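Build the full structure now, drawing on both the sequences and the hints.
2 protein chains.
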Amino acid sequence: MANDKTTAPKSVRRPRAETPKGFRDYFGAEVTARKAMLDKIAEVYHRYGFDPLETSAVETVEALGKFLPDVDRPNEGVFGWQDEDADWLALRYDLTAPLARVAAQYRNDLPSPYRRFAMGPVWRNEKPGPGRFRQFYQCDADTVGSASVAADAEICAMLSDALEAVGIERGDYVIKVNNRKVLNGVMEMAGVLDPSDPERFAAERGVVLRAIDKIDRLGEEGVRALLGEGRKDESGDFTKGAGLSVAQQSVLMGFVQVNETAKKQLIRMSKSVPEEVASPLRVAAYDNNTHISAFWRSIETSKIWNRQVLSVLVDIVGHSKIGAEGVAELADIASLLEAQGYGPERILIDPSVVRGLGYYTGPVYEAELTFEILDEKGRKRSFGSVAGGGRYDDLVKRFTGQAVPATGVSIGVDRLLAALAAKGRLAGDTAGPVVVTVMDRDRMADYMGMVGELRSAGIRAEVYLGNPKNFGNQLKYADKRQSPIAIIQGGNEAEKGVVILKDLILGAKIAQSATLEEWKDQPAQVEVPRGDLVAAVRKMLGE
Amino acid sequence: MANDKTTAPKSVRRPRAETPKGFRDYFGAEVTARKAMLDKIAEVYHRYGFDPLETSAVETVEALGKFLPDVDRPNEGVFGWQDEDADWLALRYDLTAPLARVAAQYRNDLPSPYRRFAMGPVWRNEKPGPGRFRQFYQCDADTVGSASVAADAEICAMLSDALEAVGIERGDYVIKVNNRKVLNGVMEMAGVLDPSDPERFAAERGVVLRAIDKIDRLGEEGVRALLGEGRKDESGDFTKGAGLSVAQQSVLMGFVQVNETAKKQLIRMSKSVPEEVASPLRVAAYDNNTHISAFWRSIETSKIWNRQVLSVLVDIVGHSKIGAEGVAELADIASLLEAQGYGPERILIDPSVVRGLGYYTGPVYEAELTFEILDEKGRKRSFGSVAGGGRYDDLVKRFTGQAVPATGVSIGVDRLLAALAAKGRLAGDTAGPVVVTVMDRDRMADYMGMVGELRSAGIRAEVYLGNPKNFGNQLKYADKRQSPIAIIQGGNEAEKGVVILKDLILGAKIAQSATLEEWKDQPAQVEVPRGDLVAAVRKMLGE
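Chains as they are written, first to last, in my numbering: chain A, -19 to 523; chain B, -19 to 523.
FYI, nobody ran anything at the bench for these hints, they're computed from the structure. All the pointers check out, no bait thrown in.
The list treats identical chains as interchangeable, and a pair is accepted whether it falls inside one copy or across any two copies.
Once the Cα atoms are required to be at most 35 Å apart in a straight line, the calculated DSBU-like pairs of lysine-lysine come out as:
hint	residue 1	residue 2
1	K460	K489
2	K519	K476
3	K403	K15
4	K15	K519
5	K377	K456
6	K1	K15
7	K220	K194
8	K194	K107
9	K476	K283
10	K449	K377
11	K377	K20
12	K283	K449
13	K460	K377
14	K1	K107
15	K1	K20
16	K107	K15
17	K460	K403
18	K15	K460
19	K107	K403
20	K301	K449
Just so you know, these numbers come straight off a predicted model, no measurement behind them.
This is how it looks when you write it as structure tokens:
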């Protein structure tokens, strides 16, 4: 028999116990913190009349659309496989493509407009990297079937409520609203967009968009250089510019400087009016800095600010039809929001929002967290974007041929969780259970009785279920469980009808402290009658 | 241009808007009802010290184990595909295989024993059928690393609490506990299990297990026939039996009749003792019918019942070592549960639990709902099993070579939801939003203001965001949204400073009623000052 064992085939390799590359597992508090955050968001979305939708994780590649089954393995970017009946299937890569499919498939049953929210994992077949995973959560809300900008305004208001509901305080965030049509109008006025031939100047527009998007980093001079011949950076590398004339550059720079211009105009106006009018003008002007806390702005100054920005935009888009339409939509959004009391201390008309515009057809919005954190090099920077969205068409058209207008927002779940962690606002119960230790293996029923009483009283509690022989291991276990209290009852205690409560939190503090003096009056261990177990635990927990 | 349009290629086929075969989408109340149920279960599990675990949906095929990458497409039963770096990946098919991987991968970091629960979708690459889906929810709780039957007892108690927490009343369910070892002991005594050669008689044991499992349908005579030569059914078809001798059959039938025997013994005993002792004996005897409501059993009669069943089992397993071990474990479980007050009105020692035994190595348990529902043919039957589990070994051994004992339960999420629906206990907010209609497109800001006020007061509310031209469409929309109230304010009302509240629930009742007489004093429509909007809505909602 011994021989048999030693000659057992060595070739049977054990499987590796590894999360697949680019995937992760979430434990305990990580799960509860995310769940608590998403629950709060769902509560706000529900109040706004949005209904939850949970589609299958798997879609036909055909319905996903972006990835067509014209190659042998059409899984670029998605995780895909061929089903037995020859259909190509894939894991969803976002929550918008499934919404499009659902809106088309159930179009006769769903209310129209259809307000829905969705929360769940999506999958990307990309090279994993630090902080980049192949499965992650998305949290979307969309209104399908409404052409009214009231739908866009509503989503901005809802996003504002959701951020405050999860614990981002007013003043620590701002939602910036722009409109793709305004930017198109500016492009038209600058001569880089021809409404009768939309493909013309596409390359120039690409350079222009990228340049405008870099204003924070390059400053006005740098952006102007990129609009013209080009720009040499600090390292000496040269980036070719859009090659626009000075006149063209001026139109575009006027757009880049909208906020500055509005500010100057307000200050100028404040000099020629009575003080009671001038004061709110100056407040509106000086407070247009979204990187500082803005919670004290009033709805009055915010109206002034939004109106001024819109009037500057009217000038810049000039006679462009699409541009004027865009400004009018922004004006509508501003007044719809003001009617509900959402001023620029929460939601701000801000033409500087450029990112992601390619995808959108009308209003776009982005939530930025304005409080500062330290980056990996220890420098202060504002936390930045945690959510974004806008209006898009052709969502359902792919399936039905009928255009259906839609607008929606996506919250970056991991980003927002990181923000809550940075602010110390992460929810999720991290309290470990009370651990009832096992001093006498034969008296397990007694220990189970204790734990049963504690649980019935709503107290999280466990009995130690490992091998009880080594008591040290039991205390190590309690430590690993972040247990606040260990309950001990050996034979002597049982005879006396008492239990010992060990305050593990206080005990840890005492162990850390240099002077035991200060703790001497606070016993980390108390003996109480067995009948007082629940009451004594409650007291020690500070309940 | 017109020509261009008519000659556009017709071959561009639109994608089908279809959920892939065997998958489904969940809308609104379906999502919230399941979430509400799982939240309540999670609360109980948390109180018991179990921590949530959320593993990635994707595992390496190697880690999943059951399906090895030795063929070109190893996706029998799972959805699998080959990753770029040649690893085969697959969607998890249950929550136990990922737990095994995690327990091995993080064995140095996790507390031991490790109590964890997991809730989430799993995927099966099976032929879809009516009610059989390729993606469905599982809800598992397991304790890894404890060899103590206290861990099994704890999971049974937790399951009992969880069922009551979601709304299954005491008396409407029973959790039956058996032990794989007891059955092995009986097999040994019947001469169909040879401890020194476990493979011997495997075929006979298969026939025996299937026969015992059919006791409800075939009765004792039918089971006995299958243990012997075989059985001809009503249609004339013959099923070959295990071919056991009459003596062997008797041992096995003794096991099948354990409950009956215990009952008879209790009644006999009750005849020779004083009335105060006899009474609980008779109660325990006559109430061992898990198909009737049993909530009035006392812990005293339940102790008597469990003890009697165990004493019958002791006789049957005789000198079988493994059998005696099994009975002793059941006795331990019974007293651990009694110490926490869980008698057989909730958790019952019941040797009739056979299903799934092949997988398990020790205690097994199953939650059965005992209330009656009508089946598809209109016949009454008890609802049946909604959860099951037991002790299993070799979970982590595959990865590490080290045996780790584990025990756990899985709740059938869809089954339990169906049970709650049958009992009218389905949670989930199905209340539609108050709908503010749009009478005047230019006054959208006013309507948004109303909806903003309602939401701030915590009332679910929407403004109609579709094309407002056809007012009938707005009321149809409100109907589809199951809206309780429509708010109306046209130009006249705006001038008068009032709003109209239309009670849609009452309106629907009036529309259904044959006589309008009874409703004449209950106006389905009221006019209130604009300033009283929130208060009036609250009143109409009955809040």
